[in-house]
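Protein chains in written order, with my numbering: chain A, 1 to 793; chain B, 1 to 295; chain C, 1 to 167.
Just so you know, the hints here were simulated from the structure itself, not pulled from any lab data. There could be a bad hint or two in this list.
[What the hints assert, rightly or not] When the alpha-carbon atoms are kept at most 20 Å apart in a straight line, the in silico EDC-like pairs for lysine to aspartate or glutamate are as follows:
(1) A:Lys-73 <-> A:Glu-141
(2) A:Lys-354 <-> A:Glu-178
(3) A:Lys-192 <-> A:Glu-359
(4) C:Lys-119 <-> B:Asp-53
(5) C:Lys-4 <-> B:Asp-85
(6) B:Lys-269 <-> A:Glu-173
(7) B:Lys-88 <-> C:Glu-32
(8) A:Lys-782 <-> B:Asp-260
(9) B:Lys-88 <-> C:Glu-127
(10) B:Lys-269 <-> B:Glu-253
(11) A:Lys-192 <-> A:Asp-218
(12) A:Lys-723 <-> C:Asp-71
(13) B:Lys-142 <-> B:Glu-253
(14) B:Lys-12 <-> C:Glu-158
(15) B:Lys-99 <-> C:Glu-79
(16) A:Lys-45 <-> C:Glu-32
(17) B:Lys-237 <-> B:Glu-187
(18) B:Lys-99 <-> B:Glu-187
(19) A:Lys-45 <-> C:Glu-79
These figures come from a predicted structure and were not determined experimentally.
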Amino acid sequence: MQRGVKEREMTTAQMQEVHGMGHRIKRKEDPALIRGKGNYIDDIKLPGMLFLDFVRSPYAHAKIKSINTERAKALPGVVAVITGNDLKGLGLDWIPTLANDRMMVLPTEKVVYQMQEVVGVVAENRYVAADAVGLVEVEYEPLPVVTDPFKALEKDAPIIRTDKGTNHIFHWEVGDREGTDKIFKEADVVVKQDLYYPRIHVSYMETCGCVADFNPIDGKLTLWMTTQAPHAVRTVASLVTKIPENKIRIISPDIGGGFGGKVYVYPGYIVASVASIITGRPVKWVNDRSDDQPSTAFGRDFHMSAELAATKEGRILAVRIKTISDHGAFHGDANPTKFPVGLFSICTGSYDLKNAFAEVDAAYTNKPQGGITYRCSFRVTEAVYAIERMVDVLAHKIGMDPAEIRLKNFIPKEKFPYRSVLGWTYDSGNYEAALKKAMEKIGYAELRREQEEKRRRGELMGIGISSFTEIVGAGPSRDFDILGIKMFDSAEIRIHPTGKVIARFGTKSQGQGHATTFAQIIAEELGIPTDDITVEEGDTDTAPYGLGTYASRSTPTAGAAAAVACRKIREKAKKIAAYLLEAREDDLEWERGRFYVRGSPDRSKTIQEIAFAAYTNHPLGMEAGLEAVDYYDPPNMTFPFGSYICVVDIDRATGQPKVRRFVAVDDCGNVINPLIVEGQIQGALTMGFGTAFMEEIKYDEDGNVYGGNFMDYLIPTAVETPKWELDRTVTPSPHHPLGAKGVGESATVGSPAAFVNAVVDALSSVGITHIDMPLNPWKIRKALEEKGLAVDA
Amino acid sequence: MIPPSFEYVAPKTIPEAISLLEKFGQNSKILAGGQSLIPVMKLRLASPTHLIDINRIDGLSYIKETDGFLKIGALTRMSEIESSDLIKKKYFLLHDAAKEIADPTVRNLGTVGGNISHADPANDLPATMLASDATLVATGPKGQRTIKAKDFFLDTFTTALTHEEILTEIRLPEYTAGTGSSYLKLEKRVGDFAIVGVAVQISLDKEGRVLRAGIGLTSVAPTALESTRAEEQLVGKKLTDESISRAATLASEDSNPTSDLRGPADYKKKMVKILTTRALKRAYMRIVGGGGGVE
Amino acid sequence: MGKKMHISVNVNGQAIDAEVEPRLLLVHFLRENLNLTGTHIGCDTSNCGACTVLLDGKAIKSCTFFAVQADGREITTVEGLAKGGKLHPIQEGFWEKHGLQCGFCTPGMMLAAVALLQKNHNPTEEEIRRGISGNLCRCTGYVKIVEAIQYAAEKMREAQQVEAPVR
């Protein structure tokens, strides 16, 4: 077996096999996946299994006049056809969403977005189902469409949700409006910029789907499901369907990417379950890409108008942001209850501001649900984009270098833990070190000189910085819950007599490598080699209750739970060791993997010997076994951070931007597996790159969707994806048992501003202050033309 | 994702294929690479009743210089065009275009004949056929006939082929010294359709005057477009920055793109000018650089 | 319409006979009829490459190919890469270099890489990136995929040297 490269010093021979924190070990998940032996939803085959496909609405807003399913039902191989009226009889035509709104499963009266599921067709196989879909006849009467959230909020806008009577979902605000307004009124410099964060789609490589298998004998529903939060889904499903919670088993098997899009509940899951109940057979549903892209949760679609107030010397005083957010026809995002706009209040960023105020008005439109997805960390992507863009807008306005203005305004490292004016206590940070490291690595001063020279020659080159603060690890029970369920997470760890481990968690990896990293945590805490540790997630019948994996929360919550559970195990192990060594507990020292008597190190017991004794020779009166469960309630969020610097060159004729270099310095505290952390950052940078330059879902006035498949919605390939240059600083979290923070979304949070800042920086010398993403070449060309900088050859 | 049902036949000869086209009528289609046809069937935008798979027919895949032509069998795969040394050395724009079509995996199956006879205005080869003064050879019930490229592309997805005819060979005039060519494709991302594509081929006499110029445009009209006005602008005189610029302007004026996901119409028109300029310069460099092949 | 037809295909070295509808896509034939679920479906417009297999040694998108077209031909899927329990160098490379996260694009990506390396034993980074441009990945950002392919390329060159040592 290959040994990974060790990043920490080893002191004993035994430690070399353990592979605890900091080791670049190969993943335990991979042997199956590289052999094509993964178990994704569409790989699941059960005897008698049927296939569910959907008739989808071509209209964005229309009354349903009639549905004729006769021809479909008559097609050989069709077993059932399910309409909204069928679901209504079961009370399932509408279900609650994770945001405490409600959503249609199948419509009974009208459709509210193009590609909405209208009728479910269940057949012997997917080929017959596809044919049958074409035989269902639906008569629609089009209604006026609203796709512009600003128009949706106007007085006479057509109402999309007749059950609500308004298109205004909520108004939210945070901060001190009056105090902030006063600062703005009195400030030397105020900059304002409208910033649109476009609608994008996670585009996981595996689309959403499920296999529903209802057993009529014991009344148990087993649902294999592409879900990032199996337990929460089980509880809500039980409350909604009235099937007892012990009779629902959600299994989240191998998931081909989640990124937040697989937290939402989609009609397919419910219709498949109902289909299984009424047919008495297992039912599979798997979205085609052209169905998934335009109907499952989108990300962002956030219209911000942001302002910074500053002194003329460049001291930033306050931020003020007004936003209209587009939520589609149902408010479905899984935001914690107290935070309807997620963690947007992190928008004060990495800076020591005097005051801040933000408000958001949310609108229904004739589009699918979404908003919180695509690695957004609960709206942190939007918040960081706003503050990091505005810092550059300010820098260019007053003629200050963007790095200099940041260094001048960073929260200094001595001020941590730092309480922001919007109420967050940042646990730790050292922003200056990260930015300086990035500047050195990219050769910042040299690049600015090159830029000057190039400007004189009429060549366009830009440098963009983003120094972001992330906030992850939802979350402390005093503030965080989803539909009332607190956001702890859990680890259940059991050691077998021969010293091997089974560990189960309430989280659910979709590629993040938990089977490896959680094993490494346990290896670190107990000194048991990762090879001897089996990690399981995703089966609600066996895994302890947890809130799942999204918003970079797993390491901060479940990772911490693992550490705490191990420490509980060590406590008991120490008692057993004392008994075996006939020593007092106080005389024992722990050295990863064994307890020894202080002063006589050869009098020791390994954790394996202790485990064996736990079942064969434990002290009288002590319970047998060696295991622990921990439900970890984090005392605070964790605050990863970093500085990214992007260099871009722009073709003055075509407007094409090309990323020449990108340096990313990330700080996620103590690192469990550097190889995996690098992979997370490289992947998220690539998503940020796609967001900045090529991804967009658009709607025309009639509600027709553009970008609803992989031909029109472009995500980066290996050809245009830059060669990311990574580096790291390490500022441990003071409250996390391992000093670790989450990292999965840092780069989608931090990078878009770096790309946009770079492009705008290239054009700033002629007074261009902003271009909205995606930075298509024609947008850049148009900006160049307006300033007389375009060329025609 | 799931195509509608059809009947499938795989003839072994061209006459057999042609008689099947006649037999099954208008709703039968030729299956060559399938990389344009099958996606369209999966989206249920096309429902042929019969697919006539011509991949089993021998003798339709070749690249050779003979009788004063570069002759390419219609079933030659795009990847074979891309890796052909002969084409790399002399027929630059064909190499340029082939390697920009879709992605390497699709190119393993996609055929030259398919890309040309599918006649999607966004396909890259039609414009190169126009620029290189190609001749298309059609085989039908009445035998073989040749059709000049400029008479071949009639409208979106419509060529001069009758339903019973199969495109069997593509002929380019054989390379002569003093010929240079280039295909430039502007795209949002590799593998995508062109925002705009420009194919250019020029031949210079010993004094450097343009003997012939071919300029073909992708994605700017209902079909691949030849800008004869731009070509005429160049012929008979030396190639200069000015003549290039004027030709490029004319090509831009001739183009008639629409606004869509790949950009606004006015942007595309400007890009025609820019790409034509760059392609002409590149073609020129390939002549004076000794025509030593693709850089 | 679409009456079933007989095909004889060689899949991963095994001769298979089957009766299939003409419209059955090769990817479904592999996954559903043969239970070789390692080949994945990621899109329906022939863009993502998750379904990439080798047809007579050439990489093709099995979602854009009918099973009937495969009559008389040889298919290699991810399940056919390892020989006698020994991983193919490309599989080793992906494991060694963390070239996969969720694993969904991985089989197709590896087969595209194998096809590339068979034609080009010593590709540059740019050639690798172009060679896999028909395969989309959402998790990795491609950096470690490129490293995995470079690792495999070296291993394969070494193996060739052993078989035919340079004099």
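Any hints this thing doesn't respect? Which numbers, in order? Violated hints: 1, 4, 5, 6, 7, 11, 12, 13, 14, 15 and 17; rest satisfied.
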